[in-house]
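Trainee: The task is simple: from the sequences and hints, build the whole structure.
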Amino acid sequence: MPAEPSTLAAERAHLAESRAALRRMREHAQGLSADVAADWVSKQFLESLLDQRVAALADHPDTPLFFGRMDRDEDGPPDLPAVMYVGRRHVHDGPEGRPLVLDWRAPVSRAFYQAGPSDPMGWRLRRRFGFEGGELTAFEDEPLDQGDRGGPGPSRILTREIERPRTGPMRDIVATIQPEQDVLVRADLPRTVCVQGAPGTGKTAVGLHRAAYLLFTHRERLSRSGVLIVGPNRAFLAYIAAVLPALGEVRVDQATIDDLLGAPSGEEPAAVSALKGDARMARVLRKALWAHVRKPEEGLVVTRGASRYRLADHEVRELTAALRGTTRYGSGRAALAQRLAHQILVRMEQRGEAPDDRVQDQVARSRPVKTLLDQVWPKVTPEQVLHRLLSDAEFLRAAAKGVLDEDEQAALLWARPARSHRSARWTAADRALLDELADLTERTASIGHLVLDEAQDLSAMQLRALGRRCGTGSATVLGDLAQGTTAWSARSWAEVLTHLGQEGEVTELTLGFRVPGTVLDYAARLLPHVAPGLERPRSLRLGAGALEVRQVPDLVAGAVAAAREALERPGSVGLIVPDAEAAAHAAALEEAGLAPTVLSADSDGSGRLLVIPATLAKGLEYDHVVVAGPAAIVAAEPRGLARLYVVLTRAVTSLTVLHRGDLPAELSA
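Per the numbering used here, residue -14 is the first one in the sequence shown, and the count goes up by one each step.
Mixed in with the good hints, there may be bad ones.
Unchecked claim - The following label-pair restraints were derived from C-beta to C-beta distances:
#1 277 - 400: 45 to 55 Å
#2 429 - 405: 21 to 31 Å
#3 206 - 310: 28 to 38 Å
#4 236 - 18: 18 to 28 Å
#5 236 - 587: 50 to 60 Å
#6 251 - 208: 49 to 59 Å
#7 578 - 43: 20 to 30 Å
#8 587 - 279: 38 to 48 Å
#9 386 - 520: 22 to 32 Å
Hints were generated in silico from the structure; no laboratory data involved. Note that this is a predicted model, so its numbers are computed, not measured. All C-beta atoms in this analysis are idealised placements derived from N, C-alpha and C, irrespective of residue type, glycine included.
Mentor: What follows is the structure, given as structure tokens:
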């Protein structure tokens, strides 16, 4: 609706009052002192909490403090406020804490997303606000008390916010969350949520906003156990990094799988990586580790003073057998030492002595016990075990018997083994195997909640590694089976959840809000070839004129021309090319004076014009996308059609596809 001057002025006054109140809240937090703490440790902890509180209260001038308002129905529940402003964080004023803005995560704010004419939930009016930068410029009212007689139609403000051009990192979508997304965001902490989301459906945003919601709702619990977001690469994490701080959440860890398991230092064929990523490797690794526990051949003799105490070899075997395979390897070794020592104490008591726990610890650490442990239950590291497994054919044969066939065993063996585990060059797949061995040795610590994006691209062994990190918590699992581009990409979400060790319902999001309809329909031509079981996605936006397929005599020159045209329009521009051709395209753009930035796995993706290697495009969005050489993108890797599907669905406003020869046959209508 047109912005009435008097109403608009009143709403602007409320915004100014809210910003002033937030500033006072931050000044108050800055004035608090940790000197009241009783000791140094408590003081450091309190200072950290106060610093986080101050950071969470930071005002972002270009980000509206509130984006919506709800007016209560006269007959609505009296416990509801008469007027409620909904925003990114709670803002109050005065000593009595008069609320000026309610946090979107508060239970009462749920109505802003869920209320409708068929169920107004006690409210009569929903008002959305339009902003330019941080300035309130318009509002739009939606009556909720008129039943199903029809409303004003799609919200123009909501549509403009979804389509608003962007440069730089991802924004939060808190002002545009849809009812089906809100249900997922507000799922309770114990529940694991799995979202199969077509491109542009907001699955990543759902995961980030669920993390913010859970931190708000279960702050004390999650401040102890932690929340971790895992993304496919550093460029993706840089792209999403601004979302949670904008919502007032600054205590969330972000990592890639390499950050958690260790960066690879070696490479190997994809088929070998796929085999190492197979869940069967968990059985092989378990057998390989426990093969180091040997049958005792001798008993134990411990001398204390003038006395000698003996355990027969069969007693040592019984103690070892009782522990073997029933506990983790490292704790089993420690437990065997204690059990051996306990039996020595029994012998001492039988002779009339009265040893205590200190004596048992001394015996457990004695040289005879250590010598026996080294023979029977030796210390080993994950690296030692895996090095032996991949370089010793006989050892691998014993560990893989009944699990892997001879050809698979041969594929795993190193052609030229490293001299020792210290000089071995571990691949990304090896890192997951080492993590499995580490957990078999000592238990992996668990966090409270894991948000896992692009989960379809992880191997079973990588998923097991992540599952251990939320073994006592829950997870939000996000991805798109159609965008699986690795040799080991998952074929079903049930498979992913099984490897994670989680149980949860799978929700499929098929209505896109970001990708124009013409673009999504064009990319969906590939779906029968990459994920035939998925429902064809739909877009909320028709996107007339958003797609252009252009044949050019020279791809590099054509890309320069298309990029120049895109730069004449507002928003970010992404030129997506085969990895091997990124440097040539960047040089041509530079020579043309267009100042591109080449996206790398470790870059933050800043800049208005980016050259994006196709393998890094997943999870990213740009207002205008130019794809140069779709056939070469398909030919570059075994699952090239899935990669092309990813590449074609990165556009928010327009997509230009440049090709010199024939397009991939699968793109034919």
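Trainee: Hint by hint, say whether it matches the structure.
Mentor: Hint-by-hint comparison with the structure:
The hinted range of 45 to 55 Å is not satisfied by residue 277 and residue 400, whose Cβ atoms lie roughly 25 Å apart. Restraint check, residue 429 to residue 405: a C-beta distance of roughly 25 Å satisfies the suggested window 21 to 31 Å. Here the CB-CB span from residue 206 to residue 310 is close to 34 Å, well matched to the stated 28 to 38 Å. Taken as a hint, the range 18 to 28 Å holds for the pair residue 236 and residue 18, whose Cβ atoms sit roughly 21 Å apart.
The hinted window of 50 to 60 Å between residue 236 and residue 587 is violated, with their beta carbons roughly 24 Å apart. Checked against the hint of 49 to 59 Å, the pair residue 251 and residue 208 fails, with Cβ atoms roughly 39 Å apart. Roughly 37 Å separates the CB atoms of residue 578 and residue 43, a value that falls outside the hinted 20 to 30 Å. Checking the proposed 38 to 48 Å range against residue 587 and residue 279 shows it holds: the Cβ atoms sit about 45 Å from each other.
Checked against the hint of 22 to 32 Å, the pair residue 386 and residue 520 fails, with Cβ atoms roughly 43 Å apart.
Violated hints, in rising order: 1, 5, 6, 7 and 9; the structure is consistent with all others.
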